[in-house]
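Trainee: Listed below are the residues making up each chain.
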Amino acid sequence: MKSAEALEETAGRRRARIIEVVAKNWASFFLLILLVVFSFTGRGFFSLGNLQTIVHLSTVLLLLAAAETFVIISGGIDLSVGMVMGFTAIISAKIMQILYRAELPQGTCILIGVLAGLAVCTLPGLISGILVARYRVPPFIATLGMWGVTLGVQLKVCGGYTIPFLPPKLVDIGNGYLIYVLPGRAVSLFSPPPGVAQTQIRELIRIAPNSFIFLLVVLGVMWHLLRNTKFGQHTYAIGGSMDAAVRAGIDVPRHLLKIYVLSTFLAGLAGIFNVFQAGLGNFTRFNAMYELFAIAGVIIGGASLMGGKGRIIGSIIGVLIIGVLETGLLISGVEPFYRFIAVGVILIVAVVIDHLFPDLF
Amino acid sequence: MAVGTDRINTRRQKLYALFGTYWAYLFLVLEIIFFALTARGFFSLRVLQNILFFGTPIFLLGTAETFVIITGGIDLSVGFVMGFAAVLGAKLVAGFTALGMGPAASIVLGLGITLIVGLIPGFINGTLVARLDVPPFIATFAMFGISHGVSELLLGGVWAKNLPHLANAIGNGFFLYIVPGKAASLFQRPVVQRGVRVLEIVPNVVVITFVVILIVAFILKRTKFGQHTYAIGGNIDAATKAGINVKKHLVRIYMLSSFLATLAGTIYVLKYVTGKGDAGAPFLLDSIVAVVIGGASLYGGKGTVGRTVLGCFILATLETGLRVLGVSTFDKYIAVGIILIIAVLIDQFSPELVHKED
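Listed in order, the protein sequences are those of chains A and B. Take the first sequence: its position 110, counted from the start at 1, is 109 in numbering that gives the first Met the number 0, and no numbers get skipped. Take the second sequence: its position 101, counted from the start at 1, is 100 in numbering that gives the first Met the number 0, and no numbers get skipped.
I should point out that these hints are in silico values taken from the structure, not numbers from a laboratory. Incorrect hints may have been included.
[Said to hold, decoys possible] No more than 30 angstroms apart at the CA atoms, straight line, and that leaves these computed lysine-lysine pairs for DSS-like:
#	chain 1	residue 1	chain 2	residue 2
1	A	Lys23	B	Lys223
2	A	Lys155	A	Lys23
3	B	Lys275	A	Lys155
4	B	Lys223	B	Lys240
5	B	Lys223	B	Lys246
6	A	Lys257	A	Lys155
7	B	Lys246	A	Lys308
8	B	Lys160	B	Lys181
9	B	Lys160	B	Lys275
[As the list claims (entries may be wrong)] To spell it out: a stretch of chain B is covered by chain A in this simulated footprint if at least three of its residues, at any positions, have a beta carbon under 8 angstroms from a beta carbon of chain A; those stretches are:
#	stretch
10	196 to 203
11	226 to 234
12	333 to 342
No experiment lies behind these values; they were computed from the predicted model shown. For glycine and all other residues, C-beta sits at the position ideal for the given N, C-alpha and C.
Required output: the full structure, derived from the provided sequences and hints.
Mentor: This is the structure in structure tokens:
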């Protein structure tokens, strides 16, 4: 009798353990399920090309989500990232355009444009950081203010049009691949093997877009920064309890300032990547709502808007769920509007699961 | 000496307090003077009425946001709930007309049904926030996505057509027409010879908007419902202990918010005689900014409809003024961003002085 009870108990415990594991990693499981489902419903969904495209197209959102992860862990929110992205893209593209028109070599134009973009993109973060850290303006408001200012400035610079006539090398870099394989004949790095005829272009296998390497480096550094360094520890400490962080001797205003600058810096990187990808300076449309999708990715990835919780890996999975969902629905022939509904529903599910299992992460 | 400096200090403090309380009025007056001096034709009956006419969505969404923000929440879905209502309303009215119903009946029935359906997003928002403890930011953002998707699905790529002319007559008509020195009439445009000037006073939609805003302002200021709203925003635990049914009240607040957004959507149908999914998208930011300019705190417990309306005036005047000035609307975004930050900074620097007033 007793052994049967004990058996039942261990079985019950095991079941509880399984539920816990599933709940803890529900986002990863969900991503897997999505991949499997779409592989059946969408023709050509499960192919090297398509999966690479999904990540390639998610690059911008991944960077914005990484930015948002730091801010949200510290208990704040940054609504300006999407606009800072466009702002950086426009300024950097404008400079490249002017230099290229002055017939400077392409490499120089691109380099100066990128550096200038990276320099200006920290400005909005500096301002919102000072407002939040020194003047105790709520993050929602400070960054909403910068949202408006950066939107206005980028539209003034570009006049409401995308910026064309940039160095053509941009697109080669932004949309290039690390490895090209022409099956059975040639392999080359960074550019298609020389002498490939137009007829063979379809056979060419492209592996690892350049954006992969870029993403790996940036997200790797951010992952390390958040997980293994004092900077990351302090971020969690501030988000967990501001008072405790102050008492522990952390210079909270200074740290918050750094976080907001880091956030817009990553948004600026996204903007510069966008220039490379499109070969144009794209401004952010006022209803693009990048920041909201980035925040959705972070929350689906297990962060809490109350602060103190969140991981870079989680945010990456959250963004990939959104990316897979969009592409998968498109390939499966579902009307594109459903993706808004789907993202909304998943977001609610994420928060409710977080609420039901509060101590998991 | 000491007494003297004290007096000066208190006087200065009083000045700060006055400024902290009334800076928005001052700003509005300066804004109007600025545009009156720089923009030709700004200071005319027509343009001043246009500020109100094109501002109706800002006023309604701002009022909706006021209630939610006082409870310490935020409603990001108002813009797309307005779009959803515009699409649904236009489709229903067009459908009823196609079924052979009279113009008045199809408008009343179509928009009436829309107003009732418009309570649903608010009910879902409220349930998520109050009963499932989903943060308002997330719950209403999810609803933002859902109502966007649903309105595009309803639209199906085809704008509603063939709405009755009556809709246009209501939406773009005026409350009072005066032929100077001869006649005056309500609602109906008098028939006059060509060349005779007819004064048109107060667009119908503005009348509807402000009647509703007055009612809601009264509810917030004078009723138990309003008291409870402030109580919940001030301290949710104390409100629970005081016996307020917080959950039920929060659901009602979010329903009221999406009702006002839906009303803005139906007014859109009357004004433009069709419905668009993103009809309200540009006004989300404006509505939140207006509430903050009006001195409400995002932490809850503070804010009034009257001051939100003042904030809406500032934004609507800015928009129309820049348009009359012929400046690109790009500047509007910069201006709104800066005004928002100034508003919060003023609020931060004179906290105890401004707060005392409520």
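Trainee: For a quick check of understanding: which of the numbered hints are violated here, in increasing order?
Mentor: Hints 1, 2, 8, 10, 11 are the ones this structure does not satisfy, whereas the remaining hints hold.
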